[in-house]
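*Asks:* Take a look at the letters that make up each chain.
Protein chains: 4
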Amino acid sequence: MERKILLTDSADAKGLIAQITNICYKHQLNIIKNNEFVDHNHGRFFMRTELEGHFNDATFLADLDSALPDGANRNLVPAGRKRIVIMVTKEAHALGDILMKNAYGGMDVEIAAVIGNYDVLEELVNKFDIPYHTVSHEDLTRPEHEAKIIELIQQYSPDYVVLAKYMRILTPEFVAHFPNKIINIHHSFLPAFIGASPYRQAFERGVKIIGATAHFVNNNLDEGPIITQDVINVDHTYDAADMAKAGKDVEKLVLTRALSLVLDEKVFVSGNKTVVFR
Amino acid sequence: MERKILLTDSADAKGLIAQITNICYKHQLNIIKNNEFVDHNHGRFFMRTELEGHFNDATFLADLDSALPDGANRNLVPAGRKRIVIMVTKEAHALGDILMKNAYGGMDVEIAAVIGNYDVLEELVNKFDIPYHTVSHEDLTRPEHEAKIIELIQQYSPDYVVLAKYMRILTPEFVAHFPNKIINIHHSFLPAFIGASPYRQAFERGVKIIGATAHFVNNNLDEGPIITQDVINVDHTYDAADMAKAGKDVEKLVLTRALSLVLDEKVFVSGNKTVVFR
Amino acid sequence: MERKILLTDSADAKGLIAQITNICYKHQLNIIKNNEFVDHNHGRFFMRTELEGHFNDATFLADLDSALPDGANRNLVPAGRKRIVIMVTKEAHALGDILMKNAYGGMDVEIAAVIGNYDVLEELVNKFDIPYHTVSHEDLTRPEHEAKIIELIQQYSPDYVVLAKYMRILTPEFVAHFPNKIINIHHSFLPAFIGASPYRQAFERGVKIIGATAHFVNNNLDEGPIITQDVINVDHTYDAADMAKAGKDVEKLVLTRALSLVLDEKVFVSGNKTVVFR
Amino acid sequence: MERKILLTDSADAKGLIAQITNICYKHQLNIIKNNEFVDHNHGRFFMRTELEGHFNDATFLADLDSALPDGANRNLVPAGRKRIVIMVTKEAHALGDILMKNAYGGMDVEIAAVIGNYDVLEELVNKFDIPYHTVSHEDLTRPEHEAKIIELIQQYSPDYVVLAKYMRILTPEFVAHFPNKIINIHHSFLPAFIGASPYRQAFERGVKIIGATAHFVNNNLDEGPIITQDVINVDHTYDAADMAKAGKDVEKLVLTRALSLVLDEKVFVSGNKTVVFR
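Chains as they are written, first to last, in full-length UniProt numbering: chain X, 1 to 278; chain S, 1 to 278; chain V, 1 to 278; chain U, 1 to 278.
Since the hints were made in silico from the structure, they are not lab data. Any given hint could turn out to be false.
No distinction is drawn between identical chains; accordingly, a pair holds when it is met within one copy or between any pair of copies.
[Unchecked claim] Using 30 angstroms as the maximum straight-line C-alpha spacing, the simulated DSS-like pairs for lysine-lysine come out as follows:
1) Lys181 <-> Lys266
2) Lys181 <-> Lys82
3) Lys82 <-> Lys266
4) Lys266 <-> Lys14
5) Lys14 <-> Lys82
6) Lys14 <-> Lys148
7) Lys90 <-> Lys26
8) Lys181 <-> Lys33
9) Lys245 <-> Lys33
10) Lys26 <-> Lys82
11) Lys82 <-> Lys4
12) Lys266 <-> Lys33
Computed from a predicted model, the values in this text were never measured in an experiment.
This is chain X alone, in the form it adopts within the complex:
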């Protein structure tokens, strides 16, 4: 008995659920959990089906292909452990929460390596017996620097790249290597305070709530599809440094929640948005 997850994403059409679940039934696959969503604005159908049984992937997918509308995406993925590479700069909190959860419970993922543009976090990563690579950006052009990182990442063939407070902007060329595979944590409640120093901006504006946003990275800074967000209350007694300190807890939890959702194959990208099943 295996467990796999079928991810279907197609133009909406009558009878889609019946057709897909019929094929599952015909293949003697038991549906453990099923979620659908129809985006009626765009006529788009999304379905996530957790299946258990003995899989013949080729015939199962062939049956699906003959039933689904033209241009449908269907993906059958094992319900197992994924592999990630984490990129960092100097801040430890988001990285540390992933390391802790992975080592002591709360997240089951293979952390293939951590790449930093400084060596500040090497010692932390070493505590957890995970390879750390310092790829300094000094004396390198941006394309040169990114080329070195891309090469390194590709050696590990990760399912996802996690930016755990990696503080340099990635070029479209970099992003194009890992489409919808890069997850970033931004330290504001996007789209408020896009760009640099969001806590400074929040302090200057006098907001009473601050937040964090986990999103897929696309070509526009801080504008990729949002996966999850959370906020905390602040008040006039917080200066920018206090906000940054309080915000770290939100950042790390928003990132690990988003990552868990992605690793569980619960997140569909739909244009510049996400469909997130529970």
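Guided by the hints, dock chains S, V and U onto chain X, whose structure is given.
*Replies:* Below, chains S, V and U without anything else, positioned relative to chain X:
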């Protein structure tokens, strides 16, 4: 074209989604929205299916009955306006929020009548041109009082009875007339502070968060299936009266959210719990 | 025995609390509640002191003036009921929550009048026996329209003007008549989604949290000092209309919380921010 | 220039703020931050004063003693780093968050040692170069076990003892050694689900919100003064294990927030409650 909602609740079995959605497809009914949940602890399957098309209820339900496991519940309800009777005592906030939303947007329900054991809220209800009945409990035994209320409610044949801060305990006999049809708002985060004066209890205990709970009423006070809950922060500057005042906003929103979910047929009762679809 | 609130706001200096509280003590005024805040970034001191006793305002303030730094603001206000004028357009929820709380508990304020640029809400306001004035903007220039409203407001001499979803932009000339006296509710988590149709913007961006912001109105649209904010979670199943509907509850509570804080004299304006005591 | 914090806690009386701040002024101590609270129900006054200057503790406290009511508590503590001992059993998340924050930013405390009744967490603690002591309860009576722990704790003279998911009940004799110095994290929103297996209890009850509570430990299990609480939403898709997993993040943040407040001397114990300044 009509819209109806099919609610299915049965022992779990292989192929249930396929069978139900096949029958929908065979009857040319379009699935607008579908949600399922399998309670693996109890081997129980729940499905809510919003359907659009031309319904032949008798043949559709007969087809379902021949496909579903023995003892399955299936219910096909029009996706329309429901009718409620509201019961109150003296506090206006929960009642007022329902009246406002019903009259000016936010909730589409027929408020057949409001019944109070005092006449305090008659004037408020009259502002909205809804019948108000004062059924005083004075000089009556509890069974006598409840009998008068039951008779009155039954004249209106409501789909649900809403206790919008009705401050008297209902007997099992009363509840038995409206099984899983009575929705109550309790002014605490249940199961904390069951019973009388929960804000006083919360103040005495020194909690830093207070809440409210909407639940179906069963035979045990404050112990019916919980539909929804919400909380707010308090601190040492709040005395019991401050908590009660702040809590009113939570109470009214928790009640109207729960009521909206119930009116949209999104809530299944499962033993002493609920399954609430979104 | 009277109760008054002393509001002090000055350049920071050593011994300010001692000097102010000494003067209170000398005048035999009992301090019921005291809050201070020093903005160390700007060297600014804020203090709110609830006092009880027999007041000789003139000598008390004269004593304060001789003790406080040059340019200090000090204001002694009765701890009583304030008067407001509410401005609306067509949406009832924010107005309705103020009306309900004022009539049935939760807010103690004199609502002198409601002014709308449509007559849609006249019937609602009349239910609560409060004057409603329709001042249509049709066939009027903006200055002409505002002049009529200003004249009307001034007849009532309100302490504050509350924009309970008044959907027209106010000119700097209008705002200059009521400096730091106009409170607005904006239906987004500012500074995200400034301007028109914030729920539409939020839907297009795919955010997972929406919010509302109560702020004082200054010359720049949606950029005045923020008093309070709150948020709720949304997901991919919400379209713009669902967000707008869910958001109404946040809007009304954020506005009434902000208004209560302002009416209790708990809010200082400090540049483009606020200091909000609890 | 030193910084110290004056904590005053006495029967309420007229002129207390003036008297205390006068003494500060006389001693040329600058008030950086001041908070007061009067509990009018119990006639009790609380004040926390952050002071900067050159301290002569003896004369300053003598001046205070002659001014304060009989039975007043006043405590002048350095605004510096405190020392803690942490007690654990097998779960890593709460301990790990303290270790991470202490090592990489977010909490400045001296962790003198960690004591566990198992050796499971020794390896984690060793990563951070902090002493770990396994004091197994096996083959020992409860008094014998506690005696060994007390002896160990006393060697380190900690300011506070932090129970970071220490899963054994402490006797009144143990607690009496560290009055108002033991901080516990309980994995429920107290007073709901006191005692064992709160997530199991929460699951059985079908609550829609779960939480965590940090509190001082007194003689009654889970009944000490609450310092801070927080909650998260759950739904019917969560079983007890899912709740426990989701709850870990709340637990760790509630504990570190409470600990930070205590370390910053912002928490007064008042009977069975707390006054928590911001």
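*Asks:* Could you figure out if Lys266 and Lys14 sit no more than 30 angstroms apart (CA to CA) within one copy, between two copies, both or neither?
*Replies:* This pair counts as both: shortest intra-copy Cα distance 24 angstroms, inter-copy 23 angstroms.
*Asks:* Have a look at Lys181 and Lys33 and pick one of within, between, both or neither, based on CA distance no larger than 30 angstroms.
*Replies:* both (24 angstroms within a copy, 29 angstroms between copies)
*Asks:* Checking Lys14 and Lys148: alpha-carbon separation at most 30 angstroms within a copy, between copies, both or neither?
*Replies:* neither (49 angstroms within a copy, 51 angstroms between copies)
*Asks:* Should Lys14 paired with Lys82 be assigned to within, between, both, or neither, using CA atoms and 30 angstroms as the limit?
*Replies:* between (34 angstroms within a copy, 29 angstroms between copies)
*Asks:* With identical chains treated as interchangeable, where does the CA-CA distance between Lys82 and Lys266 reach 30 angstroms or less: within a copy, between copies, both, or neither?
*Replies:* Within. Shortest intra-copy distance 13 angstroms satisfies the 30 angstroms Cα cut-off; inter-copy 34 angstroms does not.
*Asks:* What label fits Lys90 with Lys26 when the C-alpha limit is 30 angstroms: within, between, both, or neither?
*Replies:* neither (53 angstroms within a copy, 46 angstroms between copies)
*Asks:* How would you classify Lys181 and Lys266 at a CA-CA limit of 30 angstroms: within, between, both, or neither?
*Replies:* Within one copy, since 14 angstroms is at most 30 angstroms while 34 angstroms is not.
*Asks:* How would you label the pair Lys266, Lys33 (within, between, both, or neither) given a Cα cut-off of 30 angstroms?
*Replies:* For Lys266 and Lys33, the Cα distance is within 30 angstroms both inside one copy (11 angstroms) and across copies (18 angstroms).
*Asks:* Reference check for the pair Lys82 and Lys4, CA-CA at most 30 angstroms: within, between, both, or neither?
*Replies:* within (13 angstroms within a copy, 41 angstroms between copies)
*Asks:* If the cut is 30 angstroms between Cα atoms, do Lys245 and Lys33 qualify within a copy, between copies, both or neither?
*Replies:* Result: close only across copies, 19 angstroms inter versus 39 angstroms intra.
*Asks:* Within a copy, between copies, both or neither: where do Lys26 and Lys82 come within 30 angstroms Cα-Cα?
*Replies:* For Lys26 and Lys82, only the intra-copy Cα distance (29 angstroms) is at most 30 angstroms; the inter-copy one is 40 angstroms.
*Asks:* First find the shortest C-alpha distance between Lys181 and Lys82 inside one copy, then the shortest across copies, and answer within, between, both or neither for a cut-off of 30 angstroms.
*Replies:* within (12 angstroms within a copy, 44 angstroms between copies)
When the structure is compared with the earlier hints, violations turn up for hints 6, 7 and for no others.
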